[in-house]
Amino acid sequence: EADIYQTPRYLVIGTGKKITLECSQTMGHDKMYWYQQDPGMELHLIHYSYGVNSTEKGDLSSESTVSRIRTEHFPLTLESARPSHTSQYLCASSEVGYSHFGPGTRLTVL
Amino acid sequence: AQSVTQPDIHITVSEGASLELRCNYSYGATPYLFWYVQSPGQGLQLLLKYFSGDTLVQGIKGFEAEFKRSQSSFNLRKPSVHWSDAAEYFCAVKTSYDKVIFGPGTSLSVIP
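Residue numbers (this note's numbering), protein chains in the order written: chain A, 217 to 326; chain B, 9 to 120.
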């Protein structure tokens, strides 16, 4: 079944740790996105990719980085997590049309 | 610059009552418009979309939305709300660069 997956769903981690949020989709979509969403707030685009080896910064500045080595995989990395990174991170992919969203990763940095 | 506004931060309706969630956008070209719903702890699910053609679009779960170019609006409606409709609703517009801009969201509460 075609879908988009994010792991972990929940992550609590200490300050200074390096973390990678995984995102995979089985739909063969070229375009993929990462959004950051604080509780009760709107979504902000932090990264996007139009295909393999393509990555761009989004509208909201983020200290995270992304990579796109394979079409189906778009991981997000924080080299040194801080409490200000506490948020929900949503991954999405799209074809011509609408975006499919993953379930999100809720990150808490202590 | 492209933007999406949702004037109502929070709406409370009684179960069985009708619902209208407002959305206004700012975009120079013909927009691609969307409504998404997000239940607590979940990702976003597409309710409906407008690309072209009939300005009244039908979506899932009994929702519909009407595109009004003259008002730059894309309001979401449902004739009879169910308790399971309580969630956060996001209006969005897709730009020419395939980036989706979301509104701030409207939180819907349903009173039994």
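Read the hints as simulated data drawn from the structure, not as lab findings. Idealized CB from N, CA, C, for every residue including glycine. Warning: the hint list may mix true and false statements.
[What the hints assert, rightly or not] For the chain A half of the interface with chain B, some residues (derived, Cβ under 10 Å), not all of them:
no., residue
1, Gly244
2, Arg284
3, Tyr314
[Stated by the list, open to error] Restricting the straight-line Cα-Cα distance to at most 20 Å, the calculated cross-link-like pairs of lysine to any residue (SDA-like) are:
no., chain 1, residue 1, chain 2, residue 2
4, B, Lys107, A, Thr271
5, B, Lys107, A, Glu295
6, B, Lys107, A, Gly232
7, A, Lys247, B, Ala95
8, A, Lys247, B, Asn83
9, B, Lys107, A, His260
10, B, Lys107, A, Pro299
[Said to hold, decoys possible] A few chain A positions that, by computed beta-carbon distances, are all more than 10 Å from chain B:
no., residue
11, Gln222
12, Lys233
13, Ile235
14, Thr242
15, Leu259
16, Asn269
17, Asp275
18, Ser278
19, Thr281
20, Ser310
21, His316
22, Arg322
Here's how the hints hold up against the structure:
1. Gly244: violated, 16 Å
2. Arg284: violated, 15 Å
3. Tyr314: For A/Tyr314, the interface hint holds, since the closest Cβ of chain B sits about 5 Å away, which is under 10 Å.
4. B/Lys107 / A/Thr271: holds, 13 Å
5. B/Lys107 / A/Glu295: The given pair, whose Cα atoms are some 26 Å apart, is violated under the 20 Å limit.
6. B/Lys107 / A/Gly232: violated, 31 Å
7. A/Lys247 / B/Ala95: Distance ~27 Å between A/Lys247 and B/Ala95 Cα, so the pair is violated.
8. A/Lys247 / B/Asn83: violated, 27 Å
9. B/Lys107 / A/His260: With a Cα-Cα distance of about 11 Å, the restraint between B/Lys107 and A/His260 holds, given a limit of 20 Å.
10. B/Lys107 / A/Pro299: violated, 28 Å
11. Gln222: The assertion about A/Gln222 is violated, with a minimum of 8 Å to chain B.
12. Lys233: holds, 23 Å
13. Ile235: holds, 19 Å
14. Thr242: holds, 15 Å
15. Leu259: At about 4 Å from chain B, A/Leu259 fails to clear the 10 Å cut-off, so the statement is violated.
16. Asn269: holds, 17 Å
17. Asp275: violated, 8 Å
18. Ser278: holds, 15 Å
19. Thr281: For A/Thr281, whose nearest Cβ neighbour in chain B is about 19 Å away, the distance exceeds 10 Å, so it holds.
20. Ser310: violated, 7 Å
21. His316: Non-interface label fails for A/His316: nearest chain B Cβ at 8 Å, not farther than 10 Å.
22. Arg322: Since the minimum Cβ distance to chain B is about 8 Å, A/Arg322 lies within 10 Å and the statement is violated.
The structure fails hints 1, 2, 5, 6, 7, 8, 10, 11, 15, 17, 20, 21 and 22 (numbered hints given earlier, in ascending order).
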